[in-house]
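Following the hints, position chains X, W and F against chain D.
Below, each chain spelled out in residue letters.
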Amino acid sequence: MLANLPYYVAAWLFLCGLYGIVRSRHLVHTVISLTVLQSSTYVLLLAIGFRKGGYAPIFADIAPGVITVDPVVQALMLTDVVVEVTVVALLLAMVVKAFEKGGTTRPDDLRFMRG
Amino acid sequence: MTEKRRLLLFFAGAIGVASVYCAGIRNMPPFGHYRGPYGDVIARLAVYERHTTDTVNAITYDYRGFDTLGEEFILFSAVTGVMLLLRPETQERRRRETEGENPESFRDRAALSETVQVFTTGMFGFAVLFGIYIGTHGQLTPGGGFQGGVIIAAAPMLLYVAENTDAFRRILSHPLMEFFEALGAAGYAVVGLVALAFSAPFLTNVLPLGKTGDVFSSGTIAVISACVGVEVGAGFMLVTYEYLREILSREKNTED
Amino acid sequence: MMILGAGLLVLIAISALVIVRTDDVTNQILALSFYGLLFALLFFLFQAPDVALSQITVGAIALPLMVMLAITRMKHRGELKAQGQAEKGHD
Amino acid sequence: MLSPALLVAIPLIAAALLGGLRKLLPRLLTDVLALLTALFNLVLASLWTLHALHRTQVYWFGGWYPRGHMALGIGFVMDVAGCGLATLTAFLATLALLFSFRYTDSGGDHYHPLMLVFLAAMSGFALTGDLFNLFVFFELMSTAAFALCGLKTQEPSPLAGAFNFAVTNTVAAFMMLTGIALLYSTTGALNLAQLGLLLAGRHDRLVLAAFAFLMTGFLVKAATVPFHFWLPDAHAVAPTSVCVLFSGVMVPMGLFGAMRVYATIFQGCFAGTHVSWIFIAFGSLSALWGGIMCFAEHHLKRLLAFSTVSHTGLMLLAFGLWTKTAMAGLLLYLVGHALVKAGLFFCAGILLHRFRSVSEPWLFGKGRALRRTRILWILGGFGLAAAPGFALAIGESYISAGAGWTEWIFLAVGALTGGAVLRAGLRIFFGLGDAGPTDESAKVDEAPETLKESHQINWFLWTPALACIAGSIALTFWPEYTNAVHSAAIRFMDFGSYAHAVYQQFTPASMVRAAAIPGKDWLLAGVHAFLALGLALWAVYRRRIPRALRWPSHIEGPLRPFRALQSGYPGDYVAWLTVGSAALGAAAFWLGH
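Chains as they are written, first to last, in this note's numbering: chain D, 1 to 115; chain X, 1 to 256; chain W, 1 to 91; chain F, 1 to 593.
What the hints contain is simulated information worked out from the structure, not anything from laboratory work. We treat Cβ as the ideally placed atom computed from N, Cα and C, and that holds for glycine. Each hint can be trusted.
Partial selection, computed: residues in chain W whose CB lies under 8 Å from chain D: (1) ALA16; (2) VAL20; (3) GLN28; (4) LEU32; (5) PHE46; (6) ALA48; (7) PRO49; (8) ASP50; (9) VAL51; (10) GLN55; (11) ALA70.
Only some residues are given here: those of chain W computed to face chain D with a beta carbon under 8 Å: (12) ASP23; (13) PHE39; (14) GLN47; (15) MET66; (16) ILE71; (17) ARG73.
Chain D extracted, bound-state conformation (with noise of 0.2 Å):
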C-alpha cells in the first residue's frame, strides 16, 4: 500500500472531485471540484511514468543513455493542463452568463428546465 502511495492519491482525488461535485452549492465550487476531480490524471500519469532514481529526460544536462522518466506521459500531461484549463475557463464563463441573467449562483436553482 505505502509503496503505492502515488496510485491511492490518485483514486482519492478522483473520489474527492466526485464528491465534490455532488455536494456543491455554489456553482463557481462545482468548477473548482472540477478541477480537483482533474488533478488525480496528474498524479496517476506522472506515478506512472517515474522510475526510482530517474532523471528528467533533458539531454542538456545529462549524457544520452542515463535513466530517465518516461517523457511520453509529461507529454500527455502537457495536453491534460491545457484541457484543464480551457475547460474551466468555458464554465466560469457559463456560470457567470447564468448569474447576469438568472441572478443565482446556486446549482439547486437551475432547475427551470424540469420535467
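Same frame as chain D, now just chains X, W and F:
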C-alpha cells in the same frame, strides 16, 4: 432528490468506483518501475533524429504533434466560447456605441507612485522577454510555446495591478488580438500542410536540422512552438479582457 | 527524497478534501492556488520540469486568476443590479 | 489522392480564418466559406470511403512509421466504417450549415468557427488509431459542443443545460483518461493495434478496471441510461442546426468510440467471456427508458432527444450481440437514424422559426399551413418507427436476424418513439383530437434563433429536411450500399486485418471474408408502423375511447417519479454517473474474471 438521498446514492456508487480503481491499481507495475518501451525508445531517438535535448517537447511538437494540434484548437474553441458567452448583448452594445470609445476622454486613476509604475513597467518588459525566452528554447530546456505564451499573457496583468488601466485596456482590447490568436492556431495547421507540398505526410519536418543545442536546431519544432506561443498568449489575453471588459468600461465611465 | 514526495502527496490528498469541503468560494480560491503550487513542487520532485513550469503558470496563477475575475465580474454585476433597484426605489 | 489529414486540417484552418477575420467578413461570405469547407470534407471523405472499400490504408502523421512492433507516432486508420462515419458527419454538417444560412443568429459570428472545429473533431475521432488521440478529439468535440450550447444566452435556462452537459462530459473525459493511463502503465503503448496485440488474452483486474473507466467515458457521450441525463438538457438549449449534429453523429460517435476500442483492444482480452452482455443490458435499459420518456415529453426538441437515447440504446444492444450481421445492422441503423433524426430536427427548427415555439400543446393545430414540413414530419415519424421502406427497417432486420428476442424491444421502441413523433405531428399539423396534457418543460418557451421576425420559409430551410428524409428512403433501394456497409462491419470487427493494416501500411479487401445476408422482414416493419400510428391515434383521441381502453395513453401522462430524476441539477447527474460507472465495473468484474 434531497441532498441526503443524493449523497447516499453517491456514496453507494463511490464505493464501487473506488473498489474498481483500487483493484486496477493492485495489478499495476509497482510505483517507480516504469517498464517502457514507448518513452525509452523516443528518449533515445529524439536527440539523434530531431536534434532536441528536451525530449518532452520533441514528443509534444513532433512525435505526437497531432495531439497538440487538437489541443491548440481545444483552446481556440474555448476562447471562442468565452467570447460568445460574454459578448455584450445588443442593448449594451448600442449604449456603448452611442457613448463612443474615445481613449482621450478618460484618464487613469491617480497613480500609486512613480516607483511602482517604473518598477511594473520594468517587470512588464522582463515578463515579455522571459516569455519569449521560455517559448523559443523549448526544444533545449524545459519550457516551450505554451508556457511562454501564458507568461506573456500574464505580463499585462502587471499593468492592471499598477492601476495603469489605460495601457492595460489598450493592449487587451486591441482589435488585432483576435487575429493573432487565429493566426497562431492556423499557423500550426499550415506548418503541417507545408509538408504535404513536399509530398511528405502531414506535420513532417521539412526544415533542415541544425547542430543539437542551438536554438534553431530542430526544424519545425521551433516554428510550431512559436505559433503555439502566439495563440496561447493572445487567447489568454482575450479571455482576461472578456471578463474585465465590463468592469473596465465602468471605471472609465465613473471617471468621466 | 521519497519521504519528501510521500509527505507532499499526503498534503495534496488532505488539501483536496479541504477544497471540496470548503463552501466559501473566496477561501476556496486561496486553497486552490496553494494546491496548484503543491502540484508544481510535486512535478519538480518527480522529474517533470516541463509540466511543473506549465503548472506554475496555469495551476497557481492563471486558474485562480480566472476564478477571481469571474467572481469580480459577478460581484460587479450584483452591485449594478442593487444600484439599479435603489434608483428605481427613489423614483 | 489527397491526404486524409486534410479532413481535420482544412476545417481547422477555415475555423481559425473565420474566427480571426470575423469582424471583416460579411455574413454571406462567412456562410459560403463554411459551407464550402464542409462540402470539401464531404467530397474527400466520400473518396476515401470508396478507396477504403478496396483496401484499408494507414496514414502516419509526421512520417513516424512504426519501428518493429512499436508505433512511434499517431496514425489514421482509413477503414470503411471510420471513413463512412466521417462522410456522414460532413453530410450532416453541410446540411446544418445550409439550414443556418444567413438568418440564424450566429452570436457575433462565433458560430461558424465552432461548427467547423466540431466537424474536424468528429472526423478525427472517427479515424484515429491512437488511444490518447481519441481522448484529444473527444475533448475537442466536447469543447466545441459546450461552446455551441452557449449560443442562445437570452435566458438563463440554456446555461443550465450547457453547464450540466459540460460538467458530466468533462467527468466522462477524465474517466476515460484514467482508463488510458491504466492501460499505458502496463503496456507502455497508446496505439490501438499495439495495445490489442500486447493485451490479447489478458483479463486481469487492471484490464477490467481500465475497461470500466474507458467504457463509462464513451457511454456518457453515447447517452446510455443512467449516464444520459445531460442529453435532453443540452438538446433543449442548442440551436437546431447544432442539435442535428448532436443527435445525428455526436451521440452515436460516443458509441462508435466504445466499439472501436472494444474491437481493437478488448476483443482479444474478453474472447470466451460474456463481457459483451453488459452492453446488451445497458442498451436494453436505455432503449426502453428513452422510449417511455420520449412518449411522455411535449417539448419537441426534448422529445427527439429522448428518442435519441432510445435509439442509441438499441445500437448499443446490437453492439453487445457482437455478431457480424448485428454489426452490419448497427451501422445501417446508425446511418438511417442519423438521417431521420436530422430531418425531424430540421422540421422542428422550421416550426421554431415560423411560430417561435417548440411546445406541442402550444403549437396545436398551428402547423396546418406548412404543407411540406407536414409531409416530412409524418414521414420522419414512420421512419423512426422503422416502417417498411426506411433505412432503419433494414438495420433492424439485420440486428434481429440472429437474436429473435430483440424484436420485442425494437417493437416497443419503434412504437413509443415513432408514436410520440406521429402524435405530435397529428396534433400540430392536423389539429386532431385535443392539445393534450402538458408538462413543465413544454411550458418553457425556446428563444427564437432567427434574427428577423420572418414568416417566410426559404428553400434553405426545408431542403435539408427533405434531403435527410429522402435519403433515409433512398438508401433502401441501393443494394450496393447495403453490401458495402456489410463488408465495413466485417472488417470493423476483424482485429487481424486492422493490425495488419497498422503494421503493413494497408490491408487489401481480399483478406476479408463475407458473411450471409439476412432477408428483409417487411411484415415486421409493417407491424411497427401500424403500432406507432395506433399509439399516436390512441393518445390523440384518448377522450373519445372508453375509459377502460385508455390505459396506453397514460404513458403520455405526468410520470412524476421518472421526470423528477431529470432534475437539471449537476450534482444529481454526477451521482447517477458514479452509480452507473460502479455498476458497469461490477458487471465487468463479474462477467470477465
